[in-house]
Structures are given as C-alpha cells and as structure tokens.
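S.K.: Protein chains in written order, with numbering that gives the first Met the number 0: chain P, 0 to 158; chain E, 0 to 506.
A couple of the hints might just be wrong.
Under the rule of at most 20 Å between Cα atoms (straight-line distance), these lysine to aspartate or glutamate pairs were calculated in the EDC-like manner [to be verified]: (1) E:196 to E:346; (2) P:108 to P:131; (3) E:106 to E:272; (4) E:106 to E:141; (5) E:458 to P:3; (6) P:93 to E:493; (7) E:106 to E:139; (8) E:91 to E:77; (9) E:106 to E:129; (10) P:93 to E:461; (11) P:93 to E:487; (12) P:108 to P:80; (13) E:91 to E:3; (14) P:93 to E:484; (15) P:68 to P:3; (16) P:93 to E:346; (17) E:196 to E:139; (18) E:458 to E:346.
For the record, the hints were derived by calculation from the structure and aren't laboratory data.
One-letter residues, chain by chain:
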Amino acid sequence: MRPDPSQRIDGRAVTVWRIAAAGVALLPAVAAGVLVGLVVTDIVPMVPGIAGAALLLVAAIALVAVVPKVRWIRWRYEVLEDEIYLRHGLWIRKRTLIPMTRVQHVDTKAGPILRAFGLSTVTVATAGGEHEIPALSDEVADGLRDRIAALARVTEDVV
Amino acid sequence: MWSEPRRAHPAGVILYSLRFLGALVAPAVGVLFAFGPRAEERWFALGTAVLIAIVVLAAATAVLLAWLQWRRFTFHVDGGALRVEQGLLIRKSTRLTPERIQSVDTKANLLFRVLGLVTVDIHTAGRGQEPEVSIPALVEDEARDLVATLRRRGAVEPAHAEGEGGTLGVPAEEGAGGVARPVAAPASGPAWRLTGKELAVVAATSNAALLVLAAVGPVVGALAPMVSIDTLGEWFAPVSGVWWIVLGVLASMVFLVSAWVIGSVATAMQYWDFLTVRTDGEVRIEQGLLQRNTRNVPLDRVQAVRLIEGPLRQMIGRVTVGVDSAGLATGSELGPTVLHPLLGRRDAVRFCDLMVPGHDAPPLLPLPERSRRRYVIRTMIVPLVLAIPLVVWQPVAWPALLVVLPAAAAWALLAYRDAAWGLRGDVLALRWRGFGRTTALVRRRRVQSIEVSQHPLQKRADLVTLSVRVAASPSTAVFTVRHLDAADAERVLEWVSRGVERTSESV
Numbered sequence: 000m001r002p003d004p005s006q007r008i009d010g011r012a013v014t015v016w017r018i019a020a021a022g023v024a025l026l027p028a029v030a031a032g033v034l035v036g037l038v039v040t041d042i043v044p045m046v047p048g049i050a051g052a053a054l055l056l057v058a059a060i061a062l063v064a065v066v067p068k069v070r071w072i073r074w075r076y077e078v079l080e081d082e083i084y085l086r087h088g089l090w091i092r093k094r095t096l097i098p099m100t101r102v103q104h105v106d107t108k109a110g111p112i113l114r115a116f117g118l119s120t121v122t123v124a125t126a127g128g129e130h131e132i133p134a135l136s137d138e139v140a141d142g143l144r145d146r147i148a149a150l151a152r153v154t155e156d157v158v
Numbered sequence: 000m001w002s003e004p005r006r007a008h009p010a011g012v013i014l015y016s017l018r019f020l021g022a023l024v025a026p027a028v029g030v031l032f033a034f035g036p037r038a039e040e041r042w043f044a045l046g047t048a049v050l051i052a053i054v055v056l057a058a059a060t061a062v063l064l065a066w067l068q069w070r071r072f073t074f075h076v077d078g079g080a081l082r083v084e085q086g087l088l089i090r091k092s093t094r095l096t097p098e099r100i101q102s103v104d105t106k107a108n109l110l111f112r113v114l115g116l117v118t119v120d121i122h123t124a125g126r127g128q129e130p131e132v133s134i135p136a137l138v139e140d141e142a143r144d145l146v147a148t149l150r151r152r153g154a155v156e157p158a159h160a161e162g163e164g165g166t167l168g169v170p171a172e173e174g175a176g177g178v179a180r181p182v183a184a185p186a187s188g189p190a191w192r193l194t195g196k197e198l199a200v201v202a203a204t205s206n207a208a209l210l211v212l213a214a215v216g217p218v219v220g221a222l223a224p225m226v227s228i229d230t231l232g233e234w235f236a237p238v239s240g241v242w243w244i245v246l247g248v249l250a251s252m253v254f255l256v257s258a259w260v261i262g263s264v265a266t267a268m269q270y271w272d273f274l275t276v277r278t279d280g281e282v283r284i285e286q287g288l289l290q291r292n293t294r295n296v297p298l299d300r301v302q303a304v305r306l307i308e309g310p311l312r313q314m315i316g317r318v319t320v321g322v323d324s325a326g327l328a329t330g331s332e333l334g335p336t337v338l339h340p341l342l343g344r345r346d347a348v349r350f351c352d353l354m355v356p357g358h359d360a361p362p363l364l365p366l367p368e369r370s371r372r373r374y375v376i377r378t379m380i381v382p383l384v385l386a387i388p389l390v391v392w393q394p395v396a397w398p399a400l401l402v403v404l405p406a407a408a409a410w411a412l413l414a415y416r417d418a419a420w421g422l423r424g425d426v427l428a429l430r431w432r433g434f435g436r437t438t439a440l441v442r443r444r445r446v447q448s449i450e451v452s453q454h455p456l457q458k459r460a461d462l463v464t465l466s467v468r469v470a471a472s473p474s475t476a477v478f479t480v481r482h483l484d485a486a487d488a489e490r491v492l493e494w495v496s497r498g499v500e501r502t503s504e505s506v
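The shape of chain E in the complex, shown without the other chains:
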C-alpha cells in the first residue's frame, strides 16, 4: 500500500493555503497602516479598488503556491523507511528509518475532523519544535496504517481504553472502543480521562486570563490616546464626584472578568475531552475541541516529571502533571508537556505511577530555619529599592508601602515554606515556588549537570543554591532551590557523582 510514491490527501492544499495566507497577514496589516490613513478623499475609491485587487491577487497566489507545494510532496515506504520528497524552491529528500523516529503526533482542525483527516507530524531527535516530516493530510485509517507499517509491528488496530470519567480505566480489551479518533500508537493500556466537571475547574483556575491581559494590554494602551479626555467628559458629563470612582471600579471589573471569561473559554477548548493513555512504551495525550491533537511521549525520552500547583489550583489541592522530554517538543507551548491538567494530590501519585513509572516522589525535607531570613531579604530588596526613591520623591505615596512591603514579605515566607528537597533511590525531588509551586522529580541518570553555588551572604549562614540541569525541548530545563543547607546540597552532589542511595528520611 505504501511502496509507491504518493501524494497527501488533496485537503492538504487547504492547509498549505492557510499557512501561506497566515504568512501574508502581518505584511498586509503593515501596508494598511502605512497607506490607509493617508488616502485622500478623491483617491479613496481607486485606493479601495487597488487594495481589493491586491488582496485577491495575494489569495490566488497563496492557493497556487499551496497547490504546487502539495503536488511536490510525495512519500512512500522503502525497505521499512519512510521516504519523503518535498520543497517548492529547495528540493528536499528525506529518508527516515524507524529507529530515528522519536514520536508520531497527529492533529486535526475542525474541517479535517469533519472530513476524517489528520495531519501527521513525525519527530526525530534534535529537531526541536519543528517536526522532521509533516504529512499535511491523510485519511485517519491510512495514517494509522502508515504508523503501524513504520513501527514494523504489523497493522495492529489500536484498541481504546475508555476510562470512566476521571477514574482509572482498565486495560482495554482487544477491539474495544473503535471510536474514530486520530490515533498513532499501536496498543493501549491504562487510561485517564478528564470529566466535564474537572474541565470546568481547569478552565476557571487557569492563568490564561493573565495571558489575555498581556496580549490586550498593549493594544488598549495604543488605542487609549485616540479617545481624548474631552470626549470622555462629554460622554460622562452627568457623572460627578464619587460616582467617577464607582464607574472606574466597575469598568476595570468588567475588563478583568471578560479577560477571565475569554481565558477560561480558550483553556476549556484546549483541554476539551483530555485523555491520557499509557501505551507500550509511550504516553499518548489527546485533547482539543475544535482542533484535536494527539501527542505521543516515548517513556524513554522523559527527563523529568513536574508537579505544578498554580496559586488557585493549590488552594483547592489540585496538581498539574507535566513531563520534560528530550529531542521532541510536541506541544506549541514552552515548558513541559502536560500529561494531565488537574489531579488531586493522591491521584497524582497513582497517575505518575501508571503513566511515568520510576518517578516515585521521595519524602520532602524543608529548608533550615536560618534560610528564611535569606528568602525575606532576597524578595524584599527590589520593592525596597524601588520604594525608597518613590517615597522621597512623592511622600504622599507612602501608604502604598503598607500594601507592597507586607505582600512581598508574605510571598517570601511562602517561598521559604514551599522550598524543599528529597532523595530516595535514584529519584531526586526539588520543590520551589515561582508563580506557582513546582515539584520536579528527576532520576539520577537524567541529570546532565549539577551546580552548587554560594555567595558571601550565603557562606556566612552555611547555605547554598542548588541547580540541576536536565535535557528538554526547546531548551534545557534548570531546577533550582535556593538557600539549601550546604551539607544537604553536598549529599545531592555526591548522589549525582556516585549514586549513593540514601533516603532523605534517614537524616
């Protein structure tokens, strides 16, 4: 079936067209801004006509290029290896042996899902974010068959474990399930599915609202000068006195709430029907409402497991489980690949045991009392340095200090309390607080290097900062705990050096 060179499904033209059009959007907006406002009245009609002509021409060019690119893309299986010919200007010929293939991911946008098509991304080591080969469109069954062929395991029909909502599914029997779904793995094992209720919690507690604010903020800032104070004065002429404040508070509340709603909806769409399945040597993740993605994380590429507790989720005792993996970046997001967005603390332990075995969290030990001081001073320095000139320059602003300084101190104490470490067998645990609280679990053979550093103030208190580096995509992951007892850090160093296996309990 795969021995003759063939093209992808014609729908690939649509995908390529969208990509070309997407590349044209930024320059088009630039042109609009450069020439739009200056168009004089009498040239307006002509200008508009030219503009429309340019848009039509650009779209036509994009489709033509997409068609040519689709035509050029051919692939076949030759002696067990995948051969791909592609490239519009620069011809590229790729031969991928099964050994070189790290993982195969599939994705399908809304149109593709209706048509029963998937895009197949094939990742190799050392290519970072971009897949080595991306087959733009294939019928689902064909994609499955191609992957099975490449894996040289015969055409095993993948069976689906349909876990009961949120609870642990049993290994699926042969042929169970059979729901049409982009699948790129040969067999299925234990599965864990996110329930609708959990999805709602994931959406409500995500920090996507911050991302929305970060994206919208500059736009609002750029538009604000266009509305003059006078206009505002005219609009709100009847408003007076204290009502201005009420209005201001209401407006900012509406702003924040809508950011939260938009963020939540985006998150819900991303994590829609989130399913984690442990297959033979891989963890498969399926997710998404409009765009449905399937990712495969080979277990032997997992470098570290992270248990992440965002501030809101920590309050309700929920954990996000992610992994850092080397040589492949299957997600568009930076940082670890999310294996499950929302688990109770106890469930998280069971989940890790099932999905990424060998990462049992050792008992965690707190930092010594004397490092609390270092945390407080470290956190307070920036607010103090900023606050002193402000108060000298604008003495009226002093009440702000009553809010900022205690908040910084509270944050520092929280960071001190959350920092911890643990060692048992071949697993090291490091816990620290950034924005949320993260516990990293690293196996000894995954440690790329370890660094113990000490500045003069730490030296006085016999404290050090410990950093462990692991390989990860797109860049290295560094796990750092500050102000650890020097002797404890030394034990971690020796553990990396000699593999001395002592439990942190035994201190």
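So here's chain P without its partners, still in its complex pose:
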C-alpha cells in the first residue's frame, strides 16, 4: 500500500468543527433536558427516562469533544506533481486520488467561522465532481491553490 499523504490540515480545524458541531449537538442536549423534565413531572418513568437522557448527553458530548479531533487526525493530503492524494473519513476511511491532468479548476473558499480563524477550504473540481481539502490556514490554502493551478496547467490535456 502506498504511504499515507504527508500533510495534515490546520490544527485550528478541530476548534472550528467543534463550534459547528455545538450547533448540531444542541439538539440531543435539549432533548435530554426535556426528557429530564418529563421524569421530574412523572410523565416518563424514572429508569428509562434517566438512561435515555444520559445516552443523549453522551452523544452530544462525543459529537463536540471526540468527533472533530478524530476527524482531524484522519485528514491527510498531499499534492504531488502528477496527482492529488487525499485520505480522510471517521468510520469509513477513504483514500482519493485525483490525476492532475483531470483538474479543471481550483478555488479557495471560507465561511464565517473559517474566516474568523483565518482558515480556508481548497476546492478542486474535475469533470467528475468536486473534492475538498478543508480548513487550511489562508497562506497555505492560497499557496496550494496556486500550486495546483500551475501544475494542472502544465499538464494540460483534453477531457
């Protein structure tokens, strides 16, 4: 098996993903609160109610505390002369290879949270769909974008 891609994405990605996950985690957290309320008011029996609330709370905490960290650990990328090599995935581990000759255009983009941290996502588009390298520092992202653009131009080929 070929060696894993050498580059990691920016460490601040973990914080960004945690903030984004907090919004989602609000849902199970609120549900847990409601469940506790129902137990207190004797609508739901004690044991299943508390167990369910605990489960929801654990899920919410895992979503914020664990998942972003593991996702960051799993994310690797490498831009070689002839190809872009990505590896990521929490549960299902994916390795993607994009031949440089197939790259049609490359962009950087950043939403409000990423911008606040000075991070950008690099988007690589081929005729067969888009691929993303998320959460790179702005300088790295810009450099990568220009490098891929230059490499893709050098190795120009018809689709």
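Could you slot chain E onto chain P? The hints should help.
M.R.: Below, chain E without anything else, positioned relative to chain P:
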C-alpha cells in the same frame, strides 16, 4: 445559401404551439380539479361555457406566441460560424464556431416525417441536457447541407451503409442507399441494424413494464378509495369463498400482463428500426417509429462503455451496449446512451471493437472467497431489521420470512458472483450487479478520480470498496465494486496513478 439570415420552415410554428400547449396542460388540469367538482347544478352550463372559452383562448394564445417565437428565430452562417437570433422576451444572440459544436442531432415526429422535415439540435460542451441551439424545422436536404457547411467539409452527400439484418454491414460505397432519412453526419462506415425479430425480444425483455407500474400505481392508489367496498360487494355478490382468491389472482395477472404489453409496445416504438453507424470520428444512432431520432456521439467524447445485462436479457445471453459521454446528453433518458439494445455476448465484443475502438475488455477476475460473507450480511441487514419487529408485532407473518430471507440471500450470492474487475493495457473493467449486471470499461485517461474506502468490518477481512468516477451527462458516473481484495484495489490505484500496465491475468 446560408449567408443571409433566414427563418426556419413554417412548420416550426406547429412545434412551438405544441410546446406552449404542453406547458399549459398541468395548470389546466389543476384548475379543473380545483373548480370542477364544486360547480353547482344551475351554474353548470355557464361554467362549461366559461371553461370552453378559456381553453379556446389559451390555445389561440399558444399559437400566437408560437408564431411570434418562430418569426423571431433567424439564423445564418457567417464566416464559417452559425449565428442565431432568438427569444420572445429575452433576445438571445448566439454565435457557434464549428470547433465549439460537439454534436448535431436531428429528430422528426410523425408529421415532420410525412412532410420531410427535421428538428436540428446542436450541442456544445457543458450545456447538459439542453441543446445550445435548436432549429425547430428544416427540410431534410437543407439540414444535411447546413451541417456539412458547418463542418467545413463541403457538401458531402452522406452514403448509407445498409447492413443485412443484424449482421455486419460493409462500409458503404459512395452514393449507396440514399433513403430519405434524417442524417447529420458527413460519411458512413460500418453499420449494425436491429432485425424485427431482435426488436421483438428487446420489447419483450425490457423493464418498461416496471416503469408503467410505477406510473400507474399512484393513480390506481388515488382512485381506489372512490370505489367503496359496498359497491364491490354488490358487483360480486354471487362470488363466494375460494373464488374471491381466484378472482384476485386473475385481476392482478390481467393488471401485470397489460402493464407488460404497454411497456413492450412503448419499447418497440422507441427502438423501431434501430441502426448504429460508425462514421468518421462519430457513432450515429437512428431509432424510432413515430418519432425518429438521430443522435451523434463523437468518439473523442466517450468516457466509458457499459455492457448492461438486465435480468431477463442475461438469462438469454443478451447484452445492451451503452456509452457515457461528456458534455452532451443526446438522449432524454438518464444514464448512458444506448448504442445497441440487444447483442449476443460475442457480437458485443465485435460491436465494441467496431463502434468504440480502444475498449477491449480485459479478462475479469472474481472477488476473494472471504468477501462473500460481506455481500450476504450487507444484503440481509435491511430485510432482517424490517422483519424482526414485524414478526414480534404480528407473529402470524412469520412465513413471509421463509420467502424474503432466502431470496435476499440468493440475491447476495448472485451479486457476489457477478462482482469482478480486470485490468489490461489502458482499460479497466469493473463489473457489479445492481438490478441488472453491468460491466463498465474505462480507459485510464478518462478516470477523473479514484476512491478506495474501507469500513472497520472490511478492514478485518482486508477488503475495500473501489469507486471510479468518469465525466458524464447529465451528472457524473460512478462505477463501484464492493469488497474487493485490498491489494487488488491498490493495483488499480497505482494504475491510475502511474499507468503501470500489467494484465490482470499476470497475477
């Protein structure tokens, strides 16, 4: 002949009118449903009169708009490029150089065929399903001349290769054939024609019946509550006991058979007199009974070849050959463009060699023994998850499991047996079973990206899922084989990466 701006044939007004009327049908039905049932008795006559007036007015408006649109549409050839002015509200001016034109297709409905007219659709890259320019009506000879002019190859009269039924035609001699036919290609080469007998098989083995059922099902479901059980009871009062079951079985059989008949007839009309011709750098397909369509697939736009074996056709050893092509979607159907609907397996090889050269199928290798388990578990999970609560809730339903679970297991084993891969030279073959069995042939330079994925259960067995993406219209085509040996997938990855050319036989 083409240097002055000119309009399309006046029959274009008919085409545009039909299009406008078609757009009005859905809102009209809505209005009918909204106001129809509530019309009171004494207002009935008035209501009907108003309704008729609205219909007449709408039709008149449609024809008027169509005429205006036809009047606005002018085109001419200017310095080798096609210039088109069009647009009722939004004026659009298009200039198409020959280099930008990907393919030219023609179509003719029954009326147009009687009148000797065609609609000319000109496709460019990146427009997806819709043609860049559609000239609504042209006399066939004019259409041919226009295409020849645009191709800057002079007005070469297309010669037709009339292949003997189902067998291989020789390249046609100059001027042979000459049947009036919508043609938009400069020259002809080898041809392959579907015989009447083959057409019958295509029709009988198509899955169009499923589409008919899918379309009719909701309608039946909506109408069913209107017939009350009591009414049914009155109708079938003399029927009793076991005869109810017989009646039910008969009724559903009639239902299924008529769906099959309708589906078959529709398919037969679609594939009527199906002809595939390899011309200079293009494959041309002509098909259709009432509506006759001609499509051109440029060979340099072919991204992948697919050999598709539907369940019925696989049983009789027949293959459908299709191609995924980029930047143009010449068919109304989703998925690959059908180059030939019915070929024997051996004929399919010869056919591909002729029509889409460079896609020789490499020898196929099966998946390892250990991936069978993964296929079975993967396929059984959904039926099991659904079945357990059902049996707990309704224990009487347990015999259903005796049918569903073995069927799922059999399907899983079939999917395992059919999954395969192969590599030779610059061609990758991936075979998998969805509903039918598909073999995709992809050349290395057409691979847009490759993905190898592995979930924890696959990791334990050293298996992976391999996906290859190619460009295609209207969306990307992804070819996936599950539970491949990890080392085999790695070889495919390296092949994409470095073009290592090793034959799959050499393992």
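S.K.: Now tell me if each hint is right for this structure.
M.R.: Hint-by-hint comparison with the structure:
{"no.": "1", "hint": "E:196 to E:346", "result": "holds, 16 Å"}
{"no.": "2", "hint": "P:108 to P:131", "result": "holds, 10 Å"}
{"no.": "3", "hint": "E:106 to E:272", "result": "holds, 14 Å"}
{"no.": "4", "hint": "E:106 to E:141", "result": "holds, 14 Å"}
{"no.": "5", "hint": "E:458 to P:3", "result": "holds, 16 Å"}
{"no.": "6", "hint": "P:93 to E:493", "result": "holds, 16 Å"}
{"no.": "7", "hint": "E:106 to E:139", "result": "holds, 10 Å"}
{"no.": "8", "hint": "E:91 to E:77", "result": "holds, 17 Å"}
{"no.": "9", "hint": "E:106 to E:129", "result": "holds, 14 Å"}
{"no.": "10", "hint": "P:93 to E:461", "result": "holds, 14 Å"}
{"no.": "11", "hint": "P:93 to E:487", "result": "holds, 16 Å"}
{"no.": "12", "hint": "P:108 to P:80", "result": "violated, 23 Å"}
{"no.": "13", "hint": "E:91 to E:3", "result": "holds, 18 Å"}
{"no.": "14", "hint": "P:93 to E:484", "result": "holds, 15 Å"}
{"no.": "15", "hint": "P:68 to P:3", "result": "holds, 18 Å"}
{"no.": "16", "hint": "P:93 to E:346", "result": "violated, 39 Å"}
{"no.": "17", "hint": "E:196 to E:139", "result": "violated, 30 Å"}
{"no.": "18", "hint": "E:458 to E:346", "result": "violated, 40 Å"}
In summary, the numbered hints that this structure violates are 12, 16, 17 and 18.
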